[in-house]
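Listed in order, the protein sequences are those of chains U and P.
Letter by letter, the first sequence follows residues 291 to 574 in my numbering.
Letter by letter, the second sequence follows residues 235 to 489 in my numbering.
It is worth saying that the hints were derived from the structure and are not from the lab.
Just so it is clear, CB atoms sit at the ideal spot from N, CA and C, and this is done for glycine as well.
Do not rely on the hints blindly, as some may be mistaken.
Unchecked claim - Facing chain U, a subset of chain P residues (Cβ under 10 Å, in silico):
1. Phe261
2. Val316
3. Ser317
4. Gly326
5. Lys371
6. Ile374
7. Leu377
Stated by the list, open to error - Ranges between beta-carbon positions, derived for each pair:
8. U:Ser540 - P:Glu376: 43 to 53 Å
9. P:Gly326 - U:Leu370: 29 to 39 Å
10. U:Ile392 - P:Gly375: 24 to 34 Å
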Amino acid sequence: MLEGFLKYEFLQNAAVTGILIGLVAPLLGVFIVVRRLSLIADALSHITLTGIAASLLLEKKVTGINDWNPVFMGMTFSVLGAVLIERLRSVYKNYEELAIPIILSGGIGLGVVFISLADGFNTDLFSYLFGSVAAVSRSNMWTVLIITFTVILLVFLFYKELFVLSFDEENARVSGVKGHWIHFLFILLVALVIASSMQVVGILLVSALMTLPVASALRIAKSFKQTIGLSVLFGEISVLIGLFSAYHLSIPPGGTIVMTAVLILILTMAYKKINTLFLIKVGV
Amino acid sequence: MNEQQVVEVKNVSFKYEKEWAVEQVDFSIDKGQFLGLVGPNGSGKTTLVNLILGLIKPNKGSIQLFNQPLKHFKDWREIGYVSQTSNSFNSGFPASVLEVVRSGLVSRLGMFRFLKREHTQKALEALKIVEMEEFAKSNIGELSGGQQQRVLIARSLVSAPSLLILDEPTVGIDEKHVTAFYELLARLNKNHGITLLMITHDIATITEHATHLVFMNRTIRFHGTPEEYNQYNGNEPNPIYGHMQQQLNHMEVMS
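Take the sequences, apply the hints, and build the full model.
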């Protein structure tokens, strides 16, 4: 792959984008998991698909917009979906999680209509569903780079507020943290990261990259900062091994990335188990 | 204006939908007091605390904190708040004790300012006060209920508040540790000069430690010192509590 990396631009794009999302997806994923919002990532990734489908449909039916980048339409839908989820959460105060299936199924429903109107599946769509080593363009790579910087900067600026909101929402309110505002900003970032990750991991597997590394880190981390560090480390390992093997096996990277993440999860679980057994044996 | 007044609740009423939860409540807390707020379930104690914290707004009446109307009160770092352990925080949260205590500085720092090494020092000092400094690196989820409660108190102490509000902090803590917990509160009150407002069911224990007591059941039924309360208690029939007397006695038997 290294040789190819130097030779082919598409591989450089995929590798750089992969490394970037391997960093930001688990970084936001930590907050998503500890705030029990894991399913929001799923809902937003499905509504991103709707955006992609809408873009592909427009491209086919309307002449003169061949150069549209479906990723931007995906991002727009994802962000709109995030806004809608927040709206619905305040409408159904006692059933906040209801917002997720409403957006998820609504998104898929609309997506299916768009896909059918565009005369069914094509290869383009397949690469959005499961990721692709070849689909990332240079301009997409730059977009992801900008999003990565924005996410890291904002998480750094609002780290303590995000921490308090995740740990104890009531206390955050008493401490004067502008919870609604920060939560909204956070969900927008999640929407952007999901739309950017989609090309490498695929829509159906984006949420896995946000949650599986965190699930592994939770097994062994002793502090919140450690949880973030380990999640990012596991995310990067999954993306790199996943991309490498996908390239060599000529299959979509989504599957190999997620399977690597699952393997890491199994290893951390085994590690914890062995560790506990050992501690019991030596009587600690 | 009374310089000594930390909290002043004037004729406050609040209703959820149709039902009044708090009705014409009138009382104040002076600097240095340890006030126990006692009442049966559903008597409006937590509602009253939420009103004082500005989390909900009264339908009638007004509240002043440190001689400022609640509306204009901005100095939230003066107030520490500890709620019931059982439902107050995300228990599976992967944070160390030190990180949790440091997070108590959020209100003191405000936005766009970062936690530094000196803040870690402050957090360690707060942990020392609650005698939990040896657990600084432990995961918060691995501690017992009583230990977690101490950590949460340290979190509210780290911003050096002058008023500490506790909502049934001893729920879920075993009896052995409850005594130690009250001793800790008494120490904060006497040695550190922190004014305390504590909601509790445990009449017997709070009467021993608090300097003032308020009994409420939607309205205030008694406000005075433990000595004054003890004079009434047992002298039947008691005009002050009305039908509360039976419930109060029952609760005492339970505790």
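Here is what the structure says about each hint:
1. Phe261: With Cβ-Cβ at 21 Å, over 10 Å, it is violated.
2. Val316: holds (9 Å)
3. Ser317: holds (6 Å)
4. Gly326: Where the cut-off is 10 Å and the nearest Cβ of chain U is about 8 Å from glycine 326 (chain P), the hint holds.
5. Lys371: Result: holds, 7 Å to nearest chain U Cβ.
6. Ile374: OK, holds: isoleucine 374 (chain P) within 10 Å of chain U, min 8 Å.
7. Leu377: Given a least distance of 13 Å, the restraint on leucine 377 (chain P) is violated.
8. U:Ser540 - P:Glu376: 43 to 53 Å: holds (47 Å)
9. P:Gly326 - U:Leu370: 29 to 39 Å: holds (32 Å)
10. U:Ile392 - P:Gly375: 24 to 34 Å: Holds, since isoleucine 392 (chain U) and glycine 375 (chain P) (Cβ atoms, about 32 Å apart) stay within the stated range.
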